Every structure is written in structure tokens, then in C-alpha cells.
Amino acid sequence: MKILIIEDEKELAHNISAYLSDENYLCEFAETFQQALEKIEVYHYDCILLDLMLPGGDGLKILEQLKKQDKQEGVIIISAKDSLQDKIAGLQIGADDYLAKPFHLSELAARIYSVIRRKQFGNSNIIKLHELQIDLLAKTILVNNEPVILTKKEFDLLLLFIGNKNRVISKSALAEHLSGDIADMLDNHDFVYAHIKNMKKKLVDAGYRNYLKTIYGTGYKWEA
Amino acid sequence: MNKLLNRPLKVFTLYALLVLACSIPVYYFIVDYIWRNELDEYNEIVKSRIESGLNKLSLDKDEWAQTIALWNKTQPGTTIEKSVLKESRPDSIYSIMRQKQSANEEDLERFRGLSTYIRVNEDIYHLTIEINVEEAHETVFAIAAVTMFFFIILLAGFVILNRRIATQIWKPFQSTLERLEAFDLNSQNNIDLEKSDIQEFEQLNQALYLLIAKNISVFRQQKEFTENASHELQTPLAVLKSKIDLLMQNESLTESQSELIASLNIPLSRVSRINKNLLLLAKIENHQFSEGELVNLTELVNQNLDFLEEHLIAKNNTVEMEICEHCVVNANKSLVEIMLVNLLLNAIRHNQENGMIKIQLTNKKLTISNTGNSSLNKETLFKRFINSSTNTPSSGLGLSIVKEIANRYHWHVDYQFVNHFHQFSVKF
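For the protein sequence lines, the chains are W and U, in the order given. For the record, in the first sequence the residue sitting at position 16 is 16 according to the working numbering, with numbers rising by one throughout. For the record, in the second sequence the residue sitting at position 22 is 1022 according to the working numbering, with numbers rising by one throughout.
Chain W extracted, bound-state conformation (with noise of 0.2 Å):
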């Protein structure tokens, strides 16, 4: 899988590249307006992270590009600018994703996944997994062919932990995962601690064998 990194700011397009570089995805770098045009003018990538600020010109541009020379890359735009019309004017463009900086890299690789399934497999959208399958669209889960009933935020938990497989996932990435961007503002993070318990208790009811680890004191990994 071959991703593009629009991003002037260097320390982090090589963070966002290390933490992805172990899931088979190979990262690219552009650095600059000109830069990004010429790459994707002449590559073809899975998926595109697209600053919006960028010397030499508006990341919004290269979007347009993009659409113009009928690309289909799925674009996840990551922008220091946070506000709704930012948003909307992005996804109206025909951006998949708007994630405001600063972000955790878990958060970023679930939504690289899911924009690279969507694109991939389209109308039928299932994840296998072990004993696990996955409807993404349906946003249903079968656990050796039973149907499991998972509340919205389980559900949510888990497509995170199967977008960072053998990844730790912080306590702090999952609570904001869960509440967006309220997560900072709340006291303590435990309620993550009893969405993941039932989502845990369900699944291993089911059968499913238990691939997800705690790791003491800091969060979560799910060992596949």
C-alpha cells in the first residue's frame, strides 16, 4: 500500500511514516505545494495525507487536482485549522476524511483503513479476521458465523484496534476515539475501561478467542 505524505512540517510526516511503515504501507513524502503536485501527477497511491497549509500554495488546490484529473485515491485531510467550514469545504471537494491536528497516530492509521476499504472493496466491505468478520457497512460482526450485538462506541473501539493491529493503543487515543473532541475535558478516562470490558465480554462469549492484551498502565494492544 503506498501512501502519500503532504506535509511541510518534516518530524511529523517521519512519525506518521514510521508508525504506519510496519503495516505494509509505504510512505512518500512532499514537503511542498510544487512538490505534491508533481507526485501525484505522476503516481498512482492508496491513500493521500494532505496538509492544508502548505508553502506555495492551499492544500484545498491539490484536492481540486486531484478530482480534476479524475484520481481515485481516497485524501484524508490533516490540518491545523479545526473549524466546520474548514470541514465542509474539504469534504465538499471530495476529501474522505478531515482529521484536525494534533492527532494521535492510531487514530490517523484506523481512518487510513477504512478509507482504503472503502475504496477497495466498495459495496461489500467485510473484514475476516480469525473467527472475526466484520461488515463495515452493515456495521455488523459475526463471531464463528453468530451474529455478536455490539453498542455503537464498542464498535467504534474495535475498528480502531483493527486498524492498529500489534499496535499499543493508548488510553488517552481510545477516549478521544470515543468522544472526539470533548475527550480532554473530561476528568478521567475510565469509562474506556468499561466500554472495552463488555466489548471483550461479548466477544469472548462468542468464542472469539481473546487477541486483545492490556497492557499495564497504558493502554491496549490487539495481537493478531
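Simulated from the structure, these hints should not be mistaken for laboratory data. Model, not experiment: these values are computed from the prediction. Be a bit skeptical, because a hint or two may be false.
[What the hints assert, rightly or not] Using 16 Å as the maximum straight-line C-alpha spacing, the simulated EDC-like pairs for lysine to aspartate or glutamate come out as follows:
# : chain 1 : residue 1 : chain 2 : residue 2
1 : W       : K10       : U       : E1232
2 : W       : K221      : U       : E1259
3 : W       : K81       : U       : E1259
4 : W       : K81       : U       : E1224
Go by the hints and put chain U onto chain W.
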């Protein structure tokens, strides 16, 4: 406070009074002088007429004596006496106060007299002519009365003219004043002052234009600075956050190291929250949110309560709701939601274990209350970076944002401590 135009009016009035008062004796002396001169002239004329009249008569000595006696009886004001002098003396003029001859009144009258000697048929006669003059006090009184009358007319004129000038000439000034009072720096609209053909007012307007333009530009720069600073901070924060995420993947970390690294996330997310909130405040103040739409508050409250339910359960809080159906406000939806979430989270965060949260919503007012022990300081509650509680870390901006959003729509935010409840309300 005095009105500006009343000051010169007072001074002018006093000055007019002084001048007019001084004019009274001057007028008197002039009138009296003219009066006496005229009478003296008149007496001279009478004298020469008598002299020439008597010289034309050719009478003998007895007839003379009879005529003079008769004259003295019938002509009041003049007396003729035969003088013993051989030579005539120069005339003398005098004023005298004496009782009126004709009337039997008590008061004295002033007379102007001419004492002269006339020569009739070689004899010298002493002739005195007296004529009644208006008394000094009567003249003074009349002059004073007329002067007072004119002073009153002058005063009335001053007041009326003053009033007219005040309304007409000061009109551009008043309009400038009104527009200045209505001016809101926050709205960033340049002010438009009425043109004036009076030099001073135009100067004032020009000075104001300059001052306001400078203010607006400083204000804008300050806002832009906050916004840019917040934006610039997001990227290093993102780098920091991603480094922590990467570091956590390191398998050689000990348990305590992992814990330490994970705990970095808490202050980090606080910094990014403060940063986001500052940016939000700057944006609200800069009016960067699009104008209103009809927002269904009932729906919004219910949605957010669902979302926050687990946090309520975690603290074992009960919720009591009195919510009207389909209550709407006209405002920007994101802003209303931010305000609502801030208030709800505030109530949840600062609530006690097993406490209660009350939510009341009508078309006019939203009230969110939570259990509490003692009243908070209302003065500083909505100010930036002032935390009223020490037990929970917060950005210190939540309530300022609520206040700022409410201000934008001219809603009224209030805090009260009632029956062991912290009560926050927004009046629409």
C-alpha cells in the same frame, strides 16, 4: 454638569447687565445736561422777548409800576423788580428746589432759573425766570426702567438664540457623539461620521477617524496574533503527540517507563484544549462563524445527554429534566452546541458523586444545575483562566466561551447558588 453654550450665555448676560447698569447714570447725566441746556436757552429767549416787549411799550411811571405789579401777579415763573443798581450785572443761572406754587402739594419741585438784568427806558430791572425741571430721581427711575426693559428683551433674545444655536450648530457634534456611543470595536466596522461645514467639528471628525482606524487595526492585529499563535502551536503539538505514540510502541520499555510516557498524554491534551479554546474565542470575537439558522435546542440537549450518559453513570449522577418540546433558537448551530456541551460538561465535572443534575429548557431560558456545597465567585466565574475549583484540571476557558457565545447573540448568562445547586442559566 453645565452645557457648553450656557457658560458664554451666563458671561454675556452678566456683561450685558453690567454695561446697561453703567449706562443708567451716563444716560441720566446726558439727558439732564441736554435738558438744562435747552431750558437755559429757553430762558434766554424768554428774557429777550420780555426785554424787547417791554421796551416797545411807552408808559409813564405809574403805569409802569402797575404793569410790573400786574405782570408779577399774572406771569408765574417770572418776576420783574426795579433794581437800584446803576449798572447791569452778568446773568446767573441756578437750579433750585422749592415747593410748587400752584399746587398745595408737599413735595419739592426742581426749577431752573435765570437771574438777569434788563434795561427798560434807561432803568435797570432785575428779571428772574424760572421753569420747572423734571426731578433727578424721576429721570433716573425712568431711565432705569427703560434699561431694565431692554435688558429683559436682550436676555430673552440670548436664551432663544442660544437654544437655536445649540440645536442647529451643534447638530453635527451631536450626531458624531451618537455614532461614537454606538460604536463597537468588536464589530470591526469602520465608523461613518456626519460631514460638517464647521471647521472645528470637521477637525474633530478627522481626528476621530484616525484614532478609530488605529484602534481597529491594533485590535485586529491582536486577534490575528492569537489566531496565528494558536494555529502555529497545533503542529508542534501534533509532532509531540505522534512522538509519544511512537515511543509507546517500543517493546523494550519497562512498565514504569510506559506509564510515564502514557501520562504525558494528559497535560498534552490539556495544552491542545487550551489552544483550541483560545482559537475558538478569537474566532467568535472575529465573527468568523456564519450567521444563524433555526437550531432545535430540545434535540441538541437530548443528543448530547445521550453522548455524555456514560460520564453521568460513572459518577452515579441522576438527571432531572424539564424540557419543552421543539424549542428552537436562531443561532449558529456549532456555537450553540459548543455552549451546551460546555455547560453540560461543566455540570458533570464539578458535580459530586451521587449528585444530581437538573436541566430545564423553555423557549426563553436554558438552566443547567448541579449539586454543590457553596456559592462560587460570580465576579470571576466567567473570566478567562480563572478556575473556581482546584480539584479538577481544566482549560479555564469553558465558561468564558459560554459567555462569549451568549454575548454574540445578546443572550444573558447568569449564575446563582440556590438550595445547594450551582445554577447556570442562559436567557435567550
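Inset, instruction - Could you grab the alpha-carbon distance between W:K221 and U:E1259 and see if it respects the 16 Å cut-off? - result: The hint holds at about 15 Å.
Legend entry - 16 Å limit on alpha-carbon distance, applied to hinted pair W:K10 and U:E1232: holds, 15 Å
Legend entry - Restraint status (C-alpha distance of W:K81 to U:E1224 at most 16 Å): With Cα atoms ~14 Å apart, W:K81 and U:E1224 stay inside 16 Å; holds.
Legend entry - Given hint U:E1259 paired with W:K81 - CA-CA distance at most 16 Å: Judged against 16 Å, a Cα distance of about 31 Å means the pair is violated.
Hint compliance for this structure: hint 3 alone is broken.
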